[in-house]
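Visitor: Build out the structure end to end from the sequences listed, making use of the hints.
Taken in sequence, the protein lines are chains R and V.
Mind the numbering: the first sequence is residues 1 to 198 in the working numbering, read in order.
Mind the numbering: the second sequence is residues 1 to 179 in the working numbering, read in order.
Some hints here could point you the wrong way.
Below are the SDA-like pairs computed for lysine to any residue, each with C-alpha atoms no more than 20 Å apart in a straight line [as the list claims (entries may be wrong)]:
id: 1; chain 1: R; residue 1: Lys-196; chain 2: V; residue 2: Glu-38
id: 2; chain 1: R; residue 1: Lys-55; chain 2: R; residue 2: Asn-162
id: 3; chain 1: R; residue 1: Lys-88; chain 2: R; residue 2: Ser-134
id: 4; chain 1: R; residue 1: Lys-196; chain 2: V; residue 2: His-45
id: 5; chain 1: R; residue 1: Lys-196; chain 2: V; residue 2: Pro-34
id: 6; chain 1: V; residue 1: Lys-47; chain 2: R; residue 2: Ala-192
id: 7; chain 1: R; residue 1: Lys-64; chain 2: R; residue 2: Glu-159
id: 8; chain 1: V; residue 1: Lys-47; chain 2: V; residue 2: Leu-18
id: 9; chain 1: V; residue 1: Lys-47; chain 2: R; residue 2: Ser-156
id: 10; chain 1: V; residue 1: Lys-47; chain 2: R; residue 2: Ala-135
id: 11; chain 1: R; residue 1: Lys-55; chain 2: V; residue 2: Trp-86
Heads up, incomplete: computed chain R residues facing chain V, CB under 10 Å, no partners named [as the list claims (entries may be wrong)]:
id: 12; residue: Lys-29
id: 13; residue: Leu-128
id: 14; residue: Leu-136
id: 15; residue: Val-148
id: 16; residue: Glu-158
id: 17; residue: Arg-172
id: 18; residue: Arg-179
id: 19; residue: Leu-186
id: 20; residue: Leu-190
id: 21; residue: Arg-194
To be clear, the hints were calculated from the coordinates, so they are not data collected in a lab.
Beta carbons are placed, not taken as given, at the ideal position from N, Cα and C, and that holds for glycine.
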Amino acid sequence: MLQTETLSLARPAPDTLSEFEQQVKNYEKAFYHFAYRLTGNHDDAQDLTQEALLKAYRAFNRFKPGTAFDRWVYQIIYRLFIDQYRKKRRRPFVASLDEAPPHLDQEKPKEVPDYSKLPEDFALRHELGVTIQSALLRLPEEFRAAVVLCDVQGFSYEEISNILQCSLGTVRSRIHRGRRQLREYLQPYLSAERSKKQ
Amino acid sequence: MNCHRVQSLLSAYLDQELSPEEQRLIRNHIFHCPICAENFEDLSHIKSYLGNLEPPFAQADLDLLDQFLFDHLHANPSFSANPWVWGKRLALTTACVFLFLMTAFYLFPVEPNNPMLLTQEAAPFSISSTTPYQLVSERKTDVNFLSADDEEQDEKKRNSDYSFFPEQSRLVPGVPVSR
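Guide: And the structure:
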């Protein structure tokens, strides 16, 4: 009896991999959405998510079970994104002239979920989505992350300040300034909205 | 509350992150000020746009991501502790230390009959009786001779001598003597 207890104590942590897998399964859509809104395209978002999850897995023993897993991974994604962005800015894009251009017929057609039956409605929403994404990409990175966390992921300011590791005042001003810039970029849609109301 | 102050707080008001008192003040202001009301409406539109954004992927994409990640992890469970990383680091450190030592031995050879050392040693031997070390010994003998019984004075002298010429009874080979 005693021996089995000590044995179970001596055994390393119960299968961390399956636990990690379970956690990721719960949140992966949200992670991917966040990464996509930060980077603006599928490939970068996929790379960013994968890299962040790998990092998270490697450091999973440091994760405190009582705390929120998704906030922790959001923090990793954000830091990775900022790191990559800085690296990219330091080293300008280099394209090889020898390399053959990617073949278009090898690319998979992009599937878009069908949210509405009306084609007109669908087109409008799709267009607005593209416009909003391009407006988001024009924001500075810190503002973009704060706005996305607040409006897309629906976190409170306090949670955002934990994720971005900055003060509440900073979060507030980032969101405010980000939204003000978005308002400028989306002015045509907003005025259309106003005229619709009148 | 003026318009400027209200507009700086509108965003936080929209997210309901203000104190009840501030919320009340802003609600009153928006009710009376059409410009701020329009601003508020724009901001709430933006919030709803962002909130209603469609998730960016098809299910197939996500499965791909899932597949890749867990294939990766399941196939190689010891991913976190890669021994080769430390091996590489160790090898690099050893190489650096080795290079450093080799350079040091090359620049400062230790053989006694090396020409580089001989030229340095030649300096103190070429100096004749005017070296400070000989002066020290001469003065010391003088002092001893003149006031051998006065111990106190003797000690003082010795101390002052010591402060001027620190004791170095033997010439160290290889160390040049300053004149």
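Visitor: Compare the structure with each hint and give your call.
Guide: Hint check results:
Between Lys-196/R and Glu-38/V the alpha-carbon distance is near 14 Å, which keeps this suggested pair within the 20 Å criterion. For the given pair, Lys-55/R sits about 19 Å from Asn-162/R by alpha-carbon distance, which is consistent with the 20 Å threshold. In summary, the hint linking Lys-88/R to Ser-134/R is supported, as the alpha carbons are separated by about 19 Å, within the 20 Å threshold. Restraint check: the Cα-Cα separation between Lys-196/R and His-45/V comes to about 13 Å, which is no more than 20 Å; the hinted pair holds.
In summary, the hint linking Lys-196/R to Pro-34/V is supported, as the alpha carbons are separated by about 18 Å, within the 20 Å threshold. Between Lys-47/V and Ala-192/R the CA atoms are separated by roughly 16 Å; this keeps the pair inside 20 Å, and the hint holds. Between Lys-64/R and Glu-159/R the alpha-carbon distance is near 16 Å, which keeps this suggested pair within the 20 Å criterion. Using a Cα cut-off of 20 Å, the hinted pair Lys-47/V and Leu-18/V holds, with the two alpha carbons roughly 17 Å apart.
Among the hinted pairs, Lys-47/V with Ser-156/R is consistent with the structure: their alpha-carbon atoms are about 14 Å apart, no more than 20 Å. For the proposed pair Lys-47/V and Ala-135/R, the alpha carbon gap of about 13 Å is at most 20 Å, so the pair holds. Restraint check for Lys-55/R and Trp-86/V: the C-alpha separation of about 18 Å stays at or below 20 Å, so the hint holds. Given the 10 Å rule on beta carbons, the hint for Lys-29/R holds: about 6 Å separates it from the nearest Cβ of chain V.
Of the supplied interface hints, the one on Leu-128/R holds, with its beta-carbon coming within about 7 Å of a beta-carbon of chain V, less than 10 Å. Checking Leu-136/R against chain V by beta carbon gives a least distance of about 8 Å; that is within 10 Å, so the hint holds. Annotation: Val-148/R was flagged as interfacial toward chain V, and the flag holds, the nearest CB pair being 7 Å apart, inside 10 Å. Residue-level restraint check for Glu-158/R holds (minimum Cβ-Cβ distance to chain V is 9 Å; threshold 10 Å).
Annotation: interface hint on Arg-172/R holds; nearest CB of chain V at approximately 5 Å, less than 10 Å. At about 5 Å, the closest approach between the beta carbon of Arg-179/R and any beta carbon in chain V falls short of 10 Å, and the interface hint on this residue holds. For Leu-186/R, the interface hint holds, the least distance from its beta-carbon to any beta-carbon of chain V being 7 Å, beneath 10 Å. The interface hint given for Leu-190/R holds, since its Cβ lies 5 Å from the closest Cβ of chain V, which is under the 10 Å cut-off.
Annotation: interface hint on Arg-194/R holds; nearest CB of chain V at approximately 8 Å, less than 10 Å.
Going down the numbered hints, you'll see the structure goes against none, and every one checks out.
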